[in-house]
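Participant: All chains, full assembly: derive it from the sequences and hints.
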Amino acid sequence: MDLKEILERKWPEVKRKHLFPQLPVPQLVEGEGDVALEIKSKQISISVSFLEQFEGRMAEEEVIEALLDHGITHYMYCPWDFHTHLLLYNEAKKVVKDKEMAQRATEYFIDVVANTYCVKERETKIPELYRHLPKGGVQEVIASLYQEIWGVDLGISGHEDRVRRLVRIPYLEKRRWRESIKKFTKAIEDILEKEIEQERTSEKRAQNPLGDHSFSNYSLEEIDKGLREFASTVEDIQEFKEAVEDLKDELAEKGYASGGMGRGAGNPIDADLLFYMKLAENYTLPIRKLPMERSGDLHPHSHAPWEIGKPFADIDVWTSFGKIMPGVTQTWVRREGEIYGELESTPDCLIIIDSSGSMTNPRERLSYAVLGAACACNAYLKNDARVAVYNFSDAFRGNKLLLDYCTEKERIYRAICRYFGGGTALDLDDILFLLSQAERSDIFIITDMQITNLEKLIELFNRIDNRVTAVHLGHNVHTARFMEGTKKRKNISLYSVKNKEDIPKIVLGKIREYWASSF
Amino acid sequence: MKNPFEEFHGAARQSREIPLDKILQSKEETLSRILRGYEDLLKNEAKDLVWLMQYSTVIKAYTIAEKGIEGIEYTAEDIEEFCYALDRTDQIPYLITGPAGVYISALCNHAKEDEIVLRLQDLNVKINLLGYRLPPGKRVVVEGNVGDFTGIGLDGGELVIEGSTKNYTGAGMKRGKIVVRHNVGFNTGHGMTGGEIIVGGRIKGLGKIVGGKVYERDHLVFPSEGIKPFYF
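Just so you know, the sequences run in chain order A and B. 405 is the number that the numbering used here gives to position 405 of the first sequence; each next residue is one higher, with no gaps. 51 is the number that the numbering used here gives to position 51 of the second sequence; each next residue is one higher, with no gaps.
It should be emphasised that the hints constitute simulated quantities derived from the structure, not laboratory data. Incorrect hints may appear among the rest.
Computed cross-link-like contacts, EDC-like style, restricted to lysine to aspartate or glutamate with a CA-CA straight-line distance of at most 16 Å [as the list claims (entries may be wrong)]:
no. : chain 1 : residue 1 : chain 2 : residue 2
1   : A       : 17        : B       : 7
2   : B       : 22        : A       : 148
3   : A       : 186       : B       : 77
4   : B       : 22        : A       : 173
5   : A       : 40        : A       : 212
6   : A       : 15        : B       : 7
7   : B       : 112       : A       : 161
8   : A       : 186       : B       : 143
9   : A       : 456       : A       : 484
10  : A       : 241       : A       : 98
11  : B       : 27        : A       : 148
12  : A       : 120       : B       : 17
13  : A       : 120       : B       : 21
14  : A       : 94        : B       : 122
15  : A       : 174       : B       : 21
16  : A       : 17        : B       : 6
17  : A       : 182       : B       : 122
18  : A       : 186       : A       : 100
19  : B       : 27        : A       : 173
20  : A       : 182       : B       : 81
21  : A       : 186       : B       : 122
22  : A       : 186       : B       : 81
23  : A       : 97        : B       : 122
Label-pair restraints from in silico Cβ distances [unchecked claim]:
no. : chain 1 : residue 1 : chain 2 : residue 2 : range
24  : A       : 421       : B       : 124       : 30 to 36 Å
25  : A       : 3         : B       : 21        : 32 to 38 Å
26  : A       : 57        : B       : 21        : 26 to 32 Å
27  : B       : 135       : A       : 421       : 54 to 60 Å
28  : B       : 7         : A       : 132       : 29 to 35 Å
29  : A       : 4         : B       : 23        : 37 to 43 Å
30  : B       : 23        : A       : 8         : 36 to 42 Å
31  : A       : 249       : B       : 121       : 27 to 33 Å
Only some residues are given here: those of chain A computed to face chain B with a beta carbon under 10 Å [as the list claims (entries may be wrong)]:
no. : residue
32  : 16
33  : 19
34  : 20
35  : 120
36  : 151
37  : 164
38  : 165
39  : 169
40  : 170
Where is the CB? At the ideal position from N, CA and C, for every residue including glycine.
Facilitator: The structure is reproduced here in structure tokens:
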């Protein structure tokens with residue numbers, strides 16, 4: 001029977017077996033014979049030449065079914081998504097400290113998990129397929145492991161010591177995968193090293209017969225979501241930075257760089273900025289809808305093709321090229337208009353951020369001040385407002401950075417993440433200059449308040465009508481003074497945080513109040 | 001009306017039992033028995049969460065530990081698993097490194113295998129008293145660093161530490177061999193009467209040694225011209 005016919009017949013069966021995953025119909029491709037599968041952006045491709053190699057050893061139907069089972073289980077169970085894949089890679093890297101080895105260990109691990117899951121939970125021909133697959137190096141150890149944990153004979157002997165350690169890993173316990181991959185990597189570390197060393201000398205890569213699991217196989221959206229989740233999972237910024245640095249080639253290949261919303265070709269990836277971008281995205285601000293009224297007027301909303309019998313009155317002569325002809329002529333579709341009850345809009349925001357020595361360096365450790373500022377930045381940008389940044393330590397010695405109002409996220413983040421260290425003094429002329437560039441701009445200041453010219457700042461805030469949100473870290477005499485000095489002003493809100501981790505919540509809470517309140 | 005989920009009926013299959021399930025189940029059972037033995041030891045020896053390291057307390061703790069592990073079928077991997085369980089508060093109510101070390105030593109000394117490899121690089125706690133009374137014919141290899149009193153009372157076995165140890169390494173050992181790849185702390189070999197301590201790195205200080213040999217980076221430091229045997 002024709003391979004295409006077999007695939008078309010098998011696909012609905014396999015899909016049903018796996019409870020109808022949302023995957024496109026797999027395709028057959030011509031290619032090198034060694035690798036059976038490729039999964040890119042959820043599209044499963046099966047190599048015809050690989051299938052031909054199996055002729056006489058196993059029925060084509062069974063090979064296709066086993067390959068589909070394997071491919072679907074990767075999608076349905078492990079790694080499931082980019083985030084899980086990256087997380088597993090990160091844990092493996094902690095053990096082997098080498099990118100190539102960590103990637104390879106991750107691939108083997110997710111193959112073991114996916115195959116074992118399939119063998120346990122579904123009726124599958126995967127063991128039969130493995131019986132006929134070429135085995136050598138790590139693949140042989142893994143086949144030996146399969147013999148023990150699946151209870152099948154794959155014709156392998158030896159590796160008892162190693163397999164004794166490998167069989168004790170709970171592959172099907174998702175919540176223990178991070179710990180499990182470490183044990184797995186440690187158990188195969190030496191043979192993995194040998195395998196890679198051999199490849200380097202012979203310049204021939206030992207290919208995974210069931211296909212590699214490259215990070216570039218994911219779509220941009222999956223990478224975006226995965227990085228966001230990864231940023232909130234990692235223990236510190238260095239871990240994130242290291243992982244992103246490791247994968248920068250793969251990410252760049254997908255056109256992923258830190259431009260605008262974190263994506264776009266051309267710019268090199270700045271892992272620090274990306275970290276804060278992705279982390280801040282986890283604190284998305286739900287903005288209250290402003291009151292709207294139905295005006296009762298109909299206004300032209302969209303186009304629809306004109307048909308004979310429809311009135312001429314609504315024809316848009318401009319898009320119809322002056323012709324009355326079905327298929328060419330377009331009419332306006334009218335809708336009832338919506339207007340604002342009151343004229344409201346989101347003002348621009350000036351973010352004043354302290355990057356003196358007493359603050360955390362955002363490029364070394366997670367800075368909650370920067371994270372707070374990033375959340376505020378996101379909130380304003382999402383409301384089509386512009387954001388300016390005044391980053392300072394000892395401003396009079398030139399340790400300051402001014403960014404005029406703009407909507408370019410990357411520039412804003414770059415300005416927020418700049419770290420000066422040293423003393424703390426504000427140049428109020430700079431702030432006044434930035435305030436003069438926008439109409440009634442909001443001010444968001446985040447500092448530990450140990451500012452040498454704090455009195456002048458209090459004076460300034462007492463003079464202006466702009467809404468000010470001041471977030472300070474810790475409690476000291478300076479914060480008490482600021483509180484005292486600004487207590488009569490209703491436009492100034494001060495937030496003291498005991499735990500730095502609370503900053504994003506407080507910032508968001510406050511801005512939520514802003515939009516909820518009338519101006 | 002047609003049930004939209006009708007197609008799912010019969011699609012799901014009962015998961016079948018594979019040998020992995022049994023392996024993991026038996027591993028969990030063994031670990032919980034080992035943990036119970038350890039808890040018994042703590043109940044007897046460290047009621048007030050205090051354990052004083054004395055000659056008599058170590059002997060007593062070891063006797064209780066031996067009783068605690070009686071009848072348990074375990075492997076070297078189970079011992080390693082137990083070491084990591086010491087790091088997790090969800091499995092161990094409280095950790096006192098002294099009795100823990102005595103307990104691990106008892107496990108090693110009574111294990112079926114002659115050679116036990118413990119990969120403890122990722123362990124946060126430093127276990128004391130590891131290798132206590134290691135008998136002849138047994139070889140314990142520890143990958144990672146360990147704490148104080150490593151290999152005390154060593155009784156003919158070979159203890160290899162692929163890392164560093166702290167103070168009183170090999171104290172009171174009678175025979176056998178301790179190999180430490182990196183550094184050891186103060187009072188190394190205090191009261192030892194025989195055997196060898198071979199240190200690949202630096203020895204911070206030697207104790208009062210009665211007999212045996214101590215090497216530091218291939219040089220014999222005891223007995224030597226400057227350091228003579230001590231008589232208690």
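Participant: A separate judgement is required for each hint: does it hold in the structure or not?
Facilitator: Do the hints match the structure? See the list:
no.	hint	in the structure
1	A/17 with B/7	10 Å, holds
2	B/22 with A/148	11 Å, holds
3	A/186 with B/77	13 Å, holds
4	B/22 with A/173	14 Å, holds
5	A/40 with A/212	11 Å, holds
6	A/15 with B/7	11 Å, holds
7	B/112 with A/161	15 Å, holds
8	A/186 with B/143	12 Å, holds
9	A/456 with A/484	14 Å, holds
10	A/241 with A/98	15 Å, holds
11	B/27 with A/148	15 Å, holds
12	A/120 with B/17	7 Å, holds
13	A/120 with B/21	10 Å, holds
14	A/94 with B/122	10 Å, holds
15	A/174 with B/21	15 Å, holds
16	A/17 with B/6	14 Å, holds
17	A/182 with B/122	10 Å, holds
18	A/186 with A/100	15 Å, holds
19	B/27 with A/173	15 Å, holds
20	A/182 with B/81	13 Å, holds
21	A/186 with B/122	11 Å, holds
22	A/186 with B/81	14 Å, holds
23	A/97 with B/122	14 Å, holds
24	A/421 with B/124: 30 to 36 Å	32 Å, holds
25	A/3 with B/21: 32 to 38 Å	36 Å, holds
26	A/57 with B/21: 26 to 32 Å	30 Å, holds
27	B/135 with A/421: 54 to 60 Å	59 Å, holds
28	B/7 with A/132: 29 to 35 Å	33 Å, holds
29	A/4 with B/23: 37 to 43 Å	42 Å, holds
30	B/23 with A/8: 36 to 42 Å	40 Å, holds
31	A/249 with B/121: 27 to 33 Å	30 Å, holds
32	16	5 Å, holds
33	19	6 Å, holds
34	20	7 Å, holds
35	120	5 Å, holds
36	151	4 Å, holds
37	164	6 Å, holds
38	165	6 Å, holds
39	169	9 Å, holds
40	170	5 Å, holds
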